[in-house]
Every structure is written in C-alpha cells, then in structure tokens.
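Participant: Start from chain A and add chain B with the ligands according to the hints.
Listed in order, the protein sequences are those of chains A and B.
Once you know that position 74 of the first sequence is 74 in this note's numbering, the rest is easy, because the numbers rise by one and skip nothing.
Once you know that position 237 of the second sequence is 237 in this note's numbering, the rest is easy, because the numbers rise by one and skip nothing.
If you are wondering where the hints come from, they were derived from the structure by calculation, not from laboratory data.
Careful, some of the hints might be misleading.
[What the hints assert, rightly or not] Which residues of chain B face chain A? A partial, calculated answer using Cβ under 10 Å:
id, residue
1, Gly3
2, Ala7
3, Glu8
4, Arg15
5, Thr94
6, Trp95
7, Gly102
8, Pro103
Predicted model, so just to flag it, every value in this text is computed and none were measured.
Using N, Cα and C, we set each Cβ at its ideal position, and we do this for glycine too.
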Amino acid sequence: MNLPVQTVGLTKRYGGLTAVQDLDLTVRTGEVYGFLGPNGAGKTTTLRMLLGLVRPTAGTVRLLGRPVGAGQLAEVGALIEGPAFYPYLSGRENLRVLARYAGAPAERVPLVLDLVDLAGRAGDRYAGYSLGMKQRLGVAAALLKDPRLLILDEPTNGLDPSGTADMRRLIRRLGAAGCTVLLLSSHLLGEVEQVCDRVGVVSQGRLVAEGSVADLRGTVGLRVLAEPLDGAAERARELVGADRVRVVDGALELAVEPDRAAWLNTELVRAGVAVRELRPRERDLEQVFFELIGKETADVR
Amino acid sequence: MSGSFQAELVKLVRRPAAWLLLAITLVLAVLFTYVFPYAGYAAGTAGPNTGRGLPALLPDRLVGNALGGLPVFLGAIVLILGVLVVGGEYGWGTWKTVLSQGPYRLAVYAGKLLTLAVAALVVVLAVFGVGALSSALIAAAEAQPVHWPGLGDLLIGIGAGWLIATMWAMLGVMLAVALRAVALPVGLGLVWMLAVQNLLTAIAAPLLDWVAQVQKGLPGPNAGSLAAALGASSDTPGVLSTVGGGQGALVVAAYLVAFAAAGAVLLRRRDIS
Ligand SMILES: Nc1ncnc2c1ncn2[C@@H]1O[C@H](COP(=O)(O)OP(=O)(O)OP(=O)(O)O)[C@@H](O)[C@H]1O
Ligand SMILES: [Mg+2]
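Here chain A stands alone, though its shape is the one from the complex (with noise of 0.2 Å):
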C-alpha cells in the first residue's frame, strides 16, 4: 500500500543536540494528520526531512510509496516554515516562476489565487505584502501541482480570525476532495480539533502519543451543577459508583458515559436535589496538550 507519508526510525542530529529521534511517523490516504508539538519540539526538521532538504542522520522516509531523492516530489505540495518569495517579483509572477520548476501547467496560477483569495492583489510585488497575503501566497505555491499530499507548517501564521476561518474551510475542501493533508502546528490547537482526523504529538524529537482527536482526550465524563452538592455527591455515587464521582470547584465531575446524562438527572431531581447544569465534560486538546509534553519533559529529566 502507498501510504502517504511513511518514516522508519527516523533521526536527525545535528552536533550534539537530537532534533528528532527515532520517529515512525504513519499518515493514511485521504486523511488530515496534524502533528502537534511545541516550539523547537523537531516539526519542521521532520518536515524538511520529509522533503529531502535535510539529509536524516538515520531513517527512512518514502512519500506515496517512493523514496526520497529517486523521483521527482510528484504530487506533493508543500509549504516550510514561512513563506520565501522574490520580492522584485509580484504574487502572480513568483507563482508563474514555481510552475516553471513544477512542471505544472501555468493554468494553475489564477486558480490557486484564487482559492486562497490573493487573486485580487497579485499583480503587485511580494515585497509589498502584508504578513497574511505572503502566507496565503506560500499556500498557493504547495497547491500549484494539485497535490496528492499536501504539507503546511503552521500555515494559519499571520492570518487574521477570517483568514484562518478561510483555512480551515479550504483544508477540510482539500480533505473531503481526497487530498491527504499533513498539517504541522505548535498551537492553535482548537483548530486542529476542528480539522484533523489524527494527530501526532511531539516532544523534544519523539513521538509521544498518536490516534483521533477523541482518542486523545480520553475519558469523557457529565459535569452536574447541583443543589445541595453534597446531597447530589451522595446521591451520584450510590448511582454509579464512589470511584467514578469527585467533587472539584464546586461541581461534580462523574466518570460516566455522556448519554447517560437524562437517566442521571432524572435520578438525582427524583433524590430531591436541584439541577442547574448537566454537559459532557470534555479534556481539551489543549488539556491533553499540556499534560503529554510535561510527561516527556519529566521523563528526559
């Protein structure tokens, strides 16, 4: 099978400093991968590796089943670590210029202009663009071959709430279009909650967990806001069991299934106990975030 992305034991070093370490990294066809960590964790030296910008210490990389350096990046789109263009060169023409390298048909060019909403302002020099347009621009230039794989480092950097709300929408296009899209990030985690199918969390060059976004957070649980709460504490635990009830910030957290919520209430109105609130309660990813990157920090220490 041709796995979009593939690496075995992938490494890189650079003097004595591990950038990144021993990393198997799996992304599926047609799926959006975001690979989380957090500054310096080793994304982007993944990513160029990746691309065949850096050589890896030791490891192996193949895209689309090929391995790096025998062929050409066919179908694979990507933006690195902010963009780079030439600033006596308008959006249009630089866009021209990359098609030329590409192989890809000039056709292109007004298409992903227009896809990433630059079309309006591309006649004039890179130079001159704000921080925004120049990564919408580096967007356009990964999408100009039609990727099969697309590859975007932190590709919402600059953009305005609209813009990025843009993003998201153009990479769950891709996605839905069957695009496989590897997205890199060291925040805006809500974000990559929205969009991704996996993730990847990475610290200090390893990764240290992977799976859905749902994997990720774990258990769920019901958050209940109740008067009185020690009535509805004693209550809740004769229902589902003391080990699964705790008492935090004056509310009780219960560590059960979140469609059990109606037979719930029902139980603890019928105990004589008033209900205010009643949700599932969800980790955040950023929750999630935090804690597997301090297990890792922990660990190396």
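Facilitator: Chain B with the ligands in isolation, oriented as in the chain A frame:
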C-alpha cells in the same frame, strides 16, 4: 531541467539588479576604453593611455579593446552577477520554496549555470556592441577610415570574452554556495579580484620567484594573458602576457569547470535550512 532554465531566465530578466549591473558594465567599458582616452587625445594631455593615440581607438582594434576590461573590472561585475543568481536564494530563503516544488537540486543548479552563461554572453556582446559604436563614432569624428576586424577574429574575441566572463560568474556561484549568502561572497570575490590579484602581480611576484610561478596557474593572470594575446592593451589593469593565449584559454576553461563542479558538490551534499 528546461523548466528550471526557463524559470531562472525569467527571474534574471525581471531582476532590476541584473539590468543595473549591465548598465554599469557598459558605462565603465565605454568610459575607460573610449571616452577618457579619446578626451585625453583630443586635449593633447600625456597620460598612461594617451601614448597609444588615436589608432588604438579605431574600429580595427575592437576585439582587444572589448576584452581589456574582462580580466579585472568587468569580470568583477560578472562575478557579482554570479553571486546574486545563486546567493539570492539563500538570502531570501527561497531554496526551500523552489525545491519543494520538486525539481532536483542539480537541475536547478544547471538552470542557473546555463542562465549565467547566457547572461555572460549578453554582457560580452553588449560590450562589443558599445565598443563598435564608440569606435565608429570616434572614426567619424576624426574622419578616419573604418576597418572592422575580420569575422574570424571577432568570433574568437567574443568566444574568449565569453569564456572569461563565464569563468568569473562561476567563481561567484561557487562562493555563494560555499558561504550561503550574498554579501560576504561579493566582498571576498571583489577583494580577491581587485586587491589580492594586483598585489600579487605588482608586489609579490617580482620579489619571489615561486609566487611568479604560482601566478601562472591563477585564473586572473591566465584571463589577462588570453585577453593580451587577442590584442588587449597591457595598459589595462590585469592584462599581461604571463603565459601564452592558448594556455590562458585552457586554464580559464579548467577553472570554469572546477568552480561549477565545486559548487555542485557542495549544493548537493549540504542541508538546505
Ligand atoms: N540547521 C540547524 N542547526 C542546528 N540546530 C537546528 C537546525 N535546525 C533545527 N535545529 C534544532 O532542532 C530543533 C527542532 O527544530 P524545529 O525547527 O524542527 O522545531 P519545530 O518543531 O518546527 O518548532 P516551531 O514550532 O518553533 O517551528 C530545535 O532545537 C532547533 O534549534
Ligand atoms: Mg517549525
């Protein structure tokens, strides 16, 4: 590869700095080869170049006059062009942008070399062009008969100029790849061409025999010998018959290949960050 070549060509043609360099080249060539010597001749002042007198400025001396600047000062400008074409990618961080579109590194590099070879030819042809124009004007002003050099001499001259110019451009390329920048390679390249070479010739070589021997293998003196063999005046800095014209051409060609190859090896091996 042809896509890379076209892309490089577009980038160079659209680049204002490239045209500025060409303009400076032509202005310098006309000023120092024709305007100043002619003004000196017309005013009757004696100077290092006036001894040659009017005959040196006439159309039949076109080949030597056009080649005179290439061993040093026009060569220095072509070197800057070489640095710009490659070093710009480091300065703007555009290597990653280009390479993530998929071309092989060496295909992009070959496109750059080919573009520079074309640019060097354009520079040499333009220098010959403005030289022809200037000498024709002088001949007309002085009511002298106009005899152009034979076609064979002209082609050999253009070829030699092209060889020398491309060699300097390749030195610029190699320095840019080695230092991964623009400013430092330009600075070092110019220091070598304008200062070190002259110091070696003027000070070290007359004193030490081994320096004089080593000089015979350096690119500058060989380019200077080639230009001298084709009629460039030895009053021009860098033009000096240290070796024969044929050897000069061979050594210059060897340097051209060596610079290009060294750049290729470095570019292929190193990480792009
Ligand atoms: N060329 C290089 N030379 C030396 N060290 C490097 C080089 N490139 C990266 N590193 C180091 O490798 C580590 C990983 O860097 P990388 O750019 O991959 O991080 P990242 O996950 O992309 O971070 P960010 O979220 O800040 O973009 C860092 O410690 C960095 O300093
Ligand atoms: Mg990064």
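Participant: Give a verdict on every hint.
Facilitator: Against the structure, the hints:
no.: 1; hint: Gly3; result: 5 Å, holds
no.: 2; hint: Ala7; result: 4 Å, holds
no.: 3; hint: Glu8; result: 9 Å, holds
no.: 4; hint: Arg15; result: 6 Å, holds
no.: 5; hint: Thr94; result: 5 Å, holds
no.: 6; hint: Trp95; result: 8 Å, holds
no.: 7; hint: Gly102; result: 4 Å, holds
no.: 8; hint: Pro103; result: 5 Å, holds
Every hint from the earlier list agrees with this structure, and none is contradicted.
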